[in-house]
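A.B. asks: The task is simple: from the sequences and hints, build the whole structure.
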Amino acid sequence: DTAVSQTPKYLVTQMGNDKSIKCEQNLGHDTMYWYKQDSKKFLKIMFSYNNKELIINETVPNRFSPKSPDKAHLNLHINSLELGDSAVYFCASSPHPGSGELFFGEGSRLTVL
Amino acid sequence: AQSVTQLDSQVPVFEEAPVELRCNYSSSVSVYLFWYVQYPNQGLQLLLKYLSGSTLVKGINGFEAEFNKSQTSFHLRKPSVHISDTAEYFCAVSANNNDMRFGAGTRLTVKP
Chain F
1 DTAVSQTPKY LVTQMGNDKS IKCEQNLGHD TMYWYKQDSK KFLKIMFSYN
51 NKELIINETV PNRFSPKSPD KAHLNLHINS LELGDSAVYF CASSPHPGSG
101 ELFFGEGSRL TVL
Chain S
1001 AQSVTQLDSQ VPVFEEAPVE LRCNYSSSVS VYLFWYVQYP NQGLQLLLKY
1051 LSGSTLVKGI NGFEAEFNKS QTSFHLRKPS VHISDTAEYF CAVSANNNDM
1101 RFGAGTRLTV KP
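Just so you know, the protein sequences line up as chains F and S, in that order. The first sequence lines up with residues 1 to 113 when you count with this note's numbering. The second sequence lines up with residues 1001 to 1112 when you count with this note's numbering.
Quick caveat, the hints were computed from the structure, so don't treat them as lab data. Any given hint could be a false lead.
As a list, the in silico BS3-like pairs of lysine-lysine whose alpha-carbon atoms are at most 25 Å apart [as the list claims (entries may be wrong)]:
#	chain 1	residue 1	chain 2	residue 2
1	F	Lys36	F	Lys67
2	F	Lys9	F	Lys40
3	F	Lys41	F	Lys52
4	F	Lys36	S	Lys1111
5	F	Lys44	S	Lys1111
6	F	Lys67	F	Lys22
7	F	Lys67	F	Lys52
8	F	Lys22	F	Lys52
9	S	Lys1111	F	Lys40
10	F	Lys41	S	Lys1049
11	F	Lys52	F	Lys19
12	F	Lys44	F	Lys67
13	F	Lys22	F	Lys40
14	F	Lys41	S	Lys1111
15	F	Lys71	F	Lys40
C.D. replies: Right, dumping it as C-alpha cells:
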C-alpha cells in the first residue's frame, strides 16, 4: 500500500482551466503539506494542515485553494491556470508538526500549455 | 526565518570514491536539520536527521552527516559511493517543525 498517494500523476491542460490534485495518506498522520518543485528542482512549501486546520499558508496566489475534508486527505485546487504554474506538486505528511520527518508522495507533474 | 544554502549544485564523482555534499544553514533559533534524497521521477525520502544529541548522525545507505553549530553546517558524507547513489540530494532545516525549508538541491552523479 502506498503511504502517501497523489492523483493524477501527470496533468496536461490549457491556460485558464481549473484543475485539482488529490492527496491521501494512510499513515494516520495529523499533518499534511503541499510543496511545489520548479524546473530547477527548487522545493517551496505552499500549505500545511494539521488535523484539517490550516497552519501554514505561504505567499501563494489565491488561485490556489487547499481543502482538507479529513486529516487523511489534502486536495489542491487551482483556478485559472497560468504557464508559470507548470511544476511538480508534492504532497507530504508527518505524524505531527513536531515530528521532524516528512513522508512524500511521488508527485504530480502539471504542464500548462 | 531559517534558510538553507547548498553550496554545490552538481557533484560528479567516480564509483567507490568518497563524497561530501555541503550544506549551510541560517537561523536565529535552534534548528533541526535533515537530508533527503530524490531519485528520478520519485518523491523525496529521508536519509537522516539531526534533532539533538550526538552531532554525528548516521542514516540509510551508508550516509552520515555532522552538525557543526559554530560553522552552521550540516555536510553529508559517504566514504564510498555506488552508481545507485546517483540522485538529487536536499538539505532541509526546520526551526519548529511546522515549516521545513529546503535547499536548492545538489545533483550527485556517480560515474563508473
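A.B. asks: Hint by hint, which ones does this structure get wrong, listed from lowest number up?
C.D. replies: Going through the list in order, the structure violates hints 3, 4, 5 and 15 and respects the others.
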